[in-house]
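This is what each chain is made of:
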Amino acid sequence: MIRYAKPKNVDEALALLSDGPWRILAGGTDFYPALGNRPLSENVLDINGLSELRGIAEVGSHIVVGARTTWTDIIRRDLPAAFDGLKLAAREVGSVQIQNRASIAGNLCNASPAADGVPPLLTLGAEVELRSASLTRHLPLEDFILGNRRTALQPGEMVTAIRIPKSATAGTSAFVKLGARRYLVISIAMAAARIVVEDGIVAEAAVAVGSCSLVAKRLTGLEAALRGLPIGPALAETVAATSLPELAPIDDVRGTAEYRREAAREIVTRAVLAASGHHPLTKVAA
Amino acid sequence: MSLSIGLTINGQPRTVALDDPRVTLLDLLRERLDLTGTKKGCDRGQCGACTVLVDGRRINSCLALAASLDGATVTTIEGLADGEALHPVQAAFIEHDGFQCGFCTPGQIMSAIGLIAEGHAGDDPERIRELMSGNICRCGAYQGITEAVLEAQKTLAERNRRDAA
Numbered sequence: 001m002i003r004y005a006k007p008k009n010v011d012e013a014l015a016l017l018s019d020g021p022w023r024i025l026a027g028g029t030d031f032y033p034a035l036g037n038r039p040l041s042e043n044v045l046d047i048n049g050l051s052e053l054r055g056i057a058e059v060g061s062h063i064v065v066g067a068r069t070t071w072t073d074i075i076r077r078d079l080p081a082a083f084d085g086l087k088l089a090a091r092e093v094g095s096v097q098i099q100n101r102a103s104i105a106g107n108l109c110n111a112s113p114a115a116d117g118v119p120p121l122l123t124l125g126a127e128v129e130l131r132s133a134s135l136t137r138h139l140p141l142e143d144f145i146l147g148n149r150r151t152a153l154q155p156g157e158m159v160t161a162i163r164i165p166k167s168a169t170a171g172t173s174a175f176v177k178l179g180a181r182r183y184l185v186i187s188i189a190m191a192a193a194r195i196v197v198e199d200g201i202v203a204e205a206a207v208a209v210g211s212c213s214l215v216a217k218r219l220t221g222l223e224a225a226l227r228g229l230p231i232g233p234a235l236a237e238t239v240a241a242t243s244l245p246e247l248a249p250i251d252d253v254r255g256t257a258e259y260r261r262e263a264a265r266e267i268v269t270r271a272v273l274a275a276s277g278h279h280p281l282t283k284v285a286a
Numbered sequence: 001m002s003l004s005i006g007l008t009i010n011g012q013p014r015t016v017a018l019d020d021p022r023v024t025l026l027d028l029l030r031e032r033l034d035l036t037g038t039k040k041g042c043d044r045g046q047c048g049a050c051t052v053l054v055d056g057r058r059i060n061s062c063l064a065l066a067a068s069l070d071g072a073t074v075t076t077i078e079g080l081a082d083g084e085a086l087h088p089v090q091a092a093f094i095e096h097d098g099f100q101c102g103f104c105t106p107g108q109i110m111s112a113i114g115l116i117a118e119g120h121a122g123d124d125p126e127r128i129r130e131l132m133s134g135n136i137c138r139c140g141a142y143q144g145i146t147e148a149v150l151e152a153q154k155t156l157a158e159r160n161r162r163d164a165a
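Taken in order, these protein sequences are the chains called A and B. Numbered per full-length UniProt numbering, the first sequence spans residues 1 to 286. Numbered per full-length UniProt numbering, the second sequence spans residues 1 to 165.
This is chain A alone, in the form it adopts within the complex:
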């Protein structure tokens, strides 16, 4: 018989974690699906009793999103326009039934290359707060997700929060997802962009693409090329002309690498234009 524990506070959870291996249960929406046809044989640490890990708060220089905060919580919360892309992504995470349960930290810990939450969080400069009984550390999201279903989580650690520096919450953001149908679909590719406009000129640009590499990536070369451009057709022309070496798509059941490379450039263009306030968000379906 496996063990099941539902601690009442984080310290109790961390003490249990330091004691041996557990599988952490949050929203649970990928808990059984990730096992495939294997039966669950690990001990279950249910963190749904940890109310301190749910909600969004301003703490000093950061906006701190508790690990258990659901996508529905994010959609309903009043947040600066820089979070619009994250809210659009939240609406694309499975269905409303999934969004009501699934947590933001679960999306990161599952480390799927197709996780819709990751590109917008990358454009917000998100960092991941990891705690163990003896240590609290903060890792940039780029350094937390290491590969397909691989993270930097160490034994005894759990994610307790996602921290977004207020310095990265200027401007407006957008998110564009390409799937084989309009809703309830795993992404073929998705793009997030956050653009800060000053006097009609791009002052700051953050662009990230998911599902086109093992881990979603910021497009730093493109970001540099966009800075200083006037809002208008120059943005789309620059996306078309800039090489995107970060993209290393694969062939799989959802699309070929070649198709992904083409499609990614198109949705990056749409996300950049939408975030710069110059284009209505277009719905994409293959």
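I should point out that these hints are in silico values taken from the structure, not numbers from a laboratory. Keep in mind the model is a prediction, meaning the values are calculated, not measured. Be careful, since some hints might not be right.
Stated by the list, open to error - Straight-line alpha carbon distances no greater than 20 Å define the calculated SDA-like cross-link-like pairs of lysine to any residue that follow:
no., chain 1, residue 1, chain 2, residue 2
1, A, Lys8, A, Glu157
2, A, Lys8, B, Leu3
3, A, Lys87, B, Gly119
4, A, Lys87, B, Arg127
5, A, Lys6, B, Leu69
6, A, Lys6, A, Glu204
7, B, Lys40, A, Pro33
8, A, Lys8, A, Ser134
9, A, Lys6, A, Lys166
10, A, Lys87, B, Ser133
11, A, Lys166, A, Arg77
12, A, Lys6, B, Lys40
13, A, Lys8, B, Ile5
14, B, Lys40, B, Val54
15, B, Lys154, B, Gln143
16, B, Lys154, B, Leu69
17, A, Lys6, B, Ser4
18, B, Lys40, A, Arg38
19, A, Lys6, B, Ala17
20, A, Lys8, B, Gly119
Model the placement of chain B on the given structure of chain A, informed by the hints.
Frame of chain A, contents of chain B only:
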């Protein structure tokens, strides 16, 4: 070792002894509490046939561990009708042919009730389609489902206005 949990299911307080913490809410309802109205379709959160309300919010019961829901209030399709009188969402599904084989219907109806309670669908059919997209219908009764949701939403709003007056 058995784990005892308390749930309020369709208004009835129930105490359940789980002999295994791994049982899902769906299996608990169907296999142990004989509430077979909630259907098992894909058993992995992709089809919505198992949708129930937990504390007023729609979720996929196939993904929820029952043990984790100690203290929760659960509403299933069996808890909707008032005797012989159908819930307005049930009545609207019949009125608008919102089904053919009927297998996905309990999940569709529970999802629609959750959607209407969320209160931000408005009367835009495209928004209804987005918010109902967690419920797949293999017979393709989507047109009738969308119409049923729109009408039930109106009926429930009128009823709330009357009750408030």
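Verification of the hints:
About 17 Å separates the Cα atoms of lysine 8 of chain A and glutamate 157 of chain A, which keeps this hinted pair within 20 Å; it holds. Distance restraint check for lysine 8 of chain A and leucine 3 of chain B: the Cα-Cα separation of roughly 17 Å lies within the 20 Å cut-off, and the hinted pair is therefore satisfied. This hinted pair checks out: lysine 87 of chain A and glycine 119 of chain B have alpha carbons roughly 18 Å apart, not beyond 20 Å. Restraint check for lysine 87 of chain A and arginine 127 of chain B: the C-alpha separation of about 16 Å stays at or below 20 Å, so the hint holds.
Under the criterion of a C-alpha separation no larger than 20 Å, the hint pairing lysine 6 of chain A with leucine 69 of chain B is consistent with the structure, at around 11 Å. Between lysine 6 of chain A and glutamate 204 of chain A the CA atoms are separated by roughly 44 Å; this puts the pair beyond 20 Å, and the hint is violated. Note on lysine 40 of chain B and proline 33 of chain A: the hinted pairing holds, with a Cα-Cα distance of about 14 Å set against a maximum of 20 Å. Taking the CA atoms of lysine 8 of chain A and serine 134 of chain A, the gap is about 19 Å. The hint holds against a cut of 20 Å.
For the suggested pair lysine 6 of chain A and lysine 166 of chain A, the alpha carbons sit about 33 Å apart, so the restraint of at most 20 Å is broken. Straight-line distance between C-alpha atoms of lysine 87 of chain A and serine 133 of chain B comes to about 17 Å, which keeps the hinted pair within the 20 Å bound. For the proposed pair lysine 166 of chain A and arginine 77 of chain A, the alpha carbon gap of about 17 Å is at most 20 Å, so the pair holds. Between lysine 6 of chain A and lysine 40 of chain B the alpha-carbon distance is near 27 Å, which puts this suggested pair outside the 20 Å criterion.
Of the pairs offered as hints, the one joining lysine 8 of chain A and isoleucine 5 of chain B holds, with about 16 Å between alpha carbons and a cut-off of 20 Å not exceeded. Only pairs whose Cα atoms come within 20 Å are accepted, and lysine 40 of chain B paired with valine 54 of chain B is accepted, the gap being roughly 17 Å. Among the hinted pairs, lysine 154 of chain B with glutamine 143 of chain B is consistent with the structure: their alpha-carbon atoms are about 17 Å apart, no more than 20 Å. For a cut-off of 20 Å, the pair hint linking lysine 154 of chain B to leucine 69 of chain B is broken: about 32 Å separates their Cα positions.
Between lysine 6 of chain A and serine 4 of chain B the CA atoms are separated by roughly 13 Å; this keeps the pair inside 20 Å, and the hint holds. This hinted pair checks out: lysine 40 of chain B and arginine 38 of chain A have alpha carbons roughly 19 Å apart, not beyond 20 Å. Our distance criterion of 20 Å between C-alpha atoms is met by lysine 6 of chain A and alanine 17 of chain B, whose separation comes to about 16 Å. Taking the CA atoms of lysine 8 of chain A and glycine 119 of chain B, the gap is near 32 Å; set against the 20 Å cutoff, the hint is violated.
When each numbered hint is compared with the structure, violations occur for hints 6, 9, 12, 16 and 20.
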